[in-house]
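In order, the protein sequence lines correspond to chains A and B. The numbering of the first sequence is this note's numbering, which starts it at 1 and goes up by one. The numbering of the second sequence is this note's numbering, which starts it at 1 and goes up by one.
Keep in mind the hints are simulated off the structure, nothing from the lab. Don't be surprised by glycine CBs; every beta carbon is placed ideally from N, CA and C. Watch out, some of these pointers could steer you wrong.
[As the list claims (entries may be wrong)] Take a look, some chain A residues computed to stay more than 10 Å from chain B by CB distance:
hint	residue
1	N28
2	K66
3	P248
4	K314
[To be verified] To be clear about the criterion: a stretch of chain B counts as covered by chain A if any three or more of its residues have a C-beta under 8 Å from a C-beta of chain A, and this derived list gives those stretches:
hint	region
5	127-138
6	157-169
Listed below, chain by chain, are the residues.
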Amino acid sequence: MSKIVINHDICTLCEVCIQSCPFNAMENLNGKIEINSNCKVCSICVKNCPEVAISKVEEALFSVDKSLYKGVLVIGEMRQNELHPVTLELLGKAKELAKKINHPVLCLLYGENPFDAAHLCLSYGADSVYLLTHRELKFFRSDISATLISEALSNLKPSVVLIGATSIGRSLAPRIAATLKTGLTADCTHLDIKADTDLIQRRPAFGGNIMADILTTRHRPQMASVRYKVFNPISEIKHPKGTIKNLPISTAHLLSSINLLQIHHQSITDSITEAKRIIVAGVGVSDSEGLKLIHELADLLQASVAYTRPLIEKGLASYTHQIGLSGRTVQPELLITVGVSGSIQFIAGMEHSEHIIAINTDPNADIMKVAHMGVVGNAYDILPQWIDALKEGAYRV
Amino acid sequence: MKIIVFIKQVPATQDVKIDPKTGSLMRWAASTKMNPFDLVALEAALRLKDSEGAHITVITMGPPQAKAVLIEALALGADDAVLISDKAFAGADVLATSHTLVYGIQCLKSPFDLYLCGQQTTDGDTAQVGPSIAALLNIPHVSFVKQLSNERNTVIVQSVSNDDHILAQVKKPCLLTIDKDFAQARYPSYWRLKETQALPIKTLTFSDMKDPDTINHIGQAGSPTSVLRIFPPQHSVVSKRLDGNTQDIVSGLVNYLKEEHLIERISHE
Ligand SMILES: Cc1cc2nc3c(=O)[nH]c(=O)nc-3n(C[C@H](O)[C@H](O)[C@H](O)COP(=O)(O)OP(=O)(O)OC[C@H]3O[C@@H](n4cnc5c(N)ncnc54)[C@H](O)[C@@H]3O)c2cc1C
Ligand SMILES: Nc1ncnc2c1ncn2[C@@H]1O[C@H](COP(=O)(O)O)[C@@H](O)[C@H]1O
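Use the sequences and the hints to build the structure in full.
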């Protein structure tokens with residue numbers, strides 16, 4: 001636990017701290033530097049103060065006894081009676097983390113009929129699967145789902161809880177975290193764990209080109225949400241040894257204030273999440289000529305077309321075709337970006353793709369740092385010739 | 001009907017860059033605006049006000065400058081505005097922000113029928129504050145609401161959840177996070193903007209919060225998460241490069257696809 005303290009006796013009011021603070025958290029109020037509520041305790045002012053008048057002080061605060069919490073738990077997600085594949089990806093990561101701290105991998109499933117799904121979870125790394133099953137849990141409703149899961153977590157006492165950042169997960173996870181009064185880090189792109197069981201949660205932060213490592217040091221469980229297609233499942237275990245156990249449900253907890261009137265299931269065909277090959281158009285090719293070339297190339301390579309956020313904001317396609325932090329995360333076998341600069345938010349959505357080709361006029365564009373093949377050149381010259389070459393060579397994809 | 005809308009001031013540009021040598025950041029905060037998703041949430045409230053009458057309160061936690069977004073909301077048609085501001089709130093994460101906003105609402109001493117949040121902020125981008133507030137208030141919530149109509153004791157909402165379109169009836173009071181596709185937000189009128197500059201804005205500070213337990217739930221002390229370090233992105237990809245004349249580039253691309261078995265020449269036997 002830390003905060004920033006200013007020694008006003010040393011401070012010369014040079015205001016270097018005010019200049020260097022990225023969050024506008026420092027102010028000169030009547031000849032005194034004060035810190036306002038924007039402060040993220042990033043310590044940049046501490047580093048920059050020429051007078052060494054600013055320091056970060058650790059305060060002893062209440063902290064839980066971490067040794068009472070055991071296990072890396074994945075909250076699985078059911079869509080009707082099928083398991084959402086993000087669950088298996090999270091189990092893969094959970095296994096890796098659990099091994100480092102010698103904890104078991106746990107899985108919590110809720111729904112009407114999660115029995116087949118529970119066996120699947122055992123085959124993908126869970127040591128124990130706990131079930132909350134009831135007719136009333138067939139469809140997600142924020143109030144009862146969160147109450148039941150929070151109660152289960154209070155009893156199971158896992159150290160780490162991972163949950164898929166699907167639309168249900170995004171609604172459910174913060175509600176559970178607030179109920180349990182613990183920390184939750186959204187949309188983590190990397191996870192690691194320290195020997196003292198503190199989870200290192202990495203994500204792009206503060207709306208800029210920076211990454212942050214975030215810890216939950218005084219509370220348990222530590223909760224993190226992760227997008228679909230960020231991690232990979234382990235390969236299936238043939239004869240899993242884990243156990244499945246039903247958790248009791250008190251009927252009082254099944255009373256919801258939400259009455260579902262109608263549910264329309266739509267298939268995910270309009271989304272790029274499952275595409276094997278993707279071509280991404282960025283601002284560099286956002287005119288009609290550029291987009292025509294993109295679509296032509298996509299047809300030849302049997303790829304889907306996706307976009308960066310500025311193009312979605314222009315209304316070129318529905319947001320299900322946006323890649324990035326506030327769009328979809330993808331992991332195709334081939335991803336080609338054209339005229340995309342590679343902002344941190346964009347890269348967070350595609351960096352795990354198998355083969356990345358980037359075409360950009362700027363050799364120093366950030367996208368070149370994640371591309372397996374960085375192509376420096378003008379898309380309007382390259383694409384037409386590439387299209388011709390593919391046509392002439394008669395290739396099969 | 002009494003509606004409260006949670007709004008936040010965010011940076012107007014996204015250019016935060018970190019200097020890899022000094023570790024310091026180039027600042028962005030010179031210009032700010034209302035979180036665009038909160039404009040949509042406010043629009044949802046204004047439409048209910050237009051069609052059947054409602055009293056709309058807007059609330060924000062932020063530095064004194066955040067007043068600007070409250071004034072904008074008043075100009076758009078909100079009825080009153082509350083600023084929660086105190087350096088005691090510094091360093092708040094999702095949980096501490098939600099606690100602070102809930103303490104603020106308790107200070108207002110008038111319960112609301114409907115609590116509306118934006119889908120997410122453009123700077124924090126977590127979409128967590130809304131459901132977290134709902135949990136602390138112990139009221140139901142629905143995220144990503146695309147349509148909304150008011151009934152006697154309930155609201156009927158249409159929302160999207162993964163691939164399902166859901167129609168649900170939710171008892172009031174409840175909290176809704178409004179999907180960005182809900183509606184196009186309106187613009188404030190010039191005159192209304194001039195008039196509202198002078199309107200009083202209620203300001204709450206830490207000392208207004210009477211609950212003695214408050215101190216443990218706000219600011220850094222009330223934030224379970226903390227930032228260990230920030231750093232520029234690092235990547236460990238071994239990249240190949242293609243540059244020079246277009247012809248070489250194109251044959252390089254075709255070869256790469258072949259080598260990686262992403263395309264195959266159709267054989268002519
Ligand atoms: C919280 C937050 C979340 C965000 N989420 C997302 C997200 O999910 N997805 C997303 O995409 N963005 C997101 N953004 C926006 C992101 O920061 C960038 O603004 C955006 O990704 C830039 O898109 P771009 O690369 O297409 O455009 P630019 O950054 O404008 O890049 C265009 C590139 O095209 C190149 N170029 C120009 N002409 C040519 C040519 N003829 N041939 C080849 N190359 C050319 C240029 O060199 C340049 O590198 C988010 C931002 C924030 C703050
Ligand atoms: N400081 C704040 N003051 C008021 N409302 C907020 C604040 N932070 C977040 N919110 C609300 O919570 C929503 C989600 O924010 P976030 O979890 O940061 O993505 C926003 O759209 C706002 O409606």
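Here is what the structure says about each hint:
1. N28: 13 Å, holds
2. K66: 13 Å, holds
3. P248: 22 Å, holds
4. K314: Its Cβ never comes within 10 Å of chain B, the nearest being 15 Å, so this holds.
5. 127-138: holds (count 10)
6. 157-169: Contact hint for the region 157-169 of chain B vs chain A: holds, 10 residues under 8 Å.
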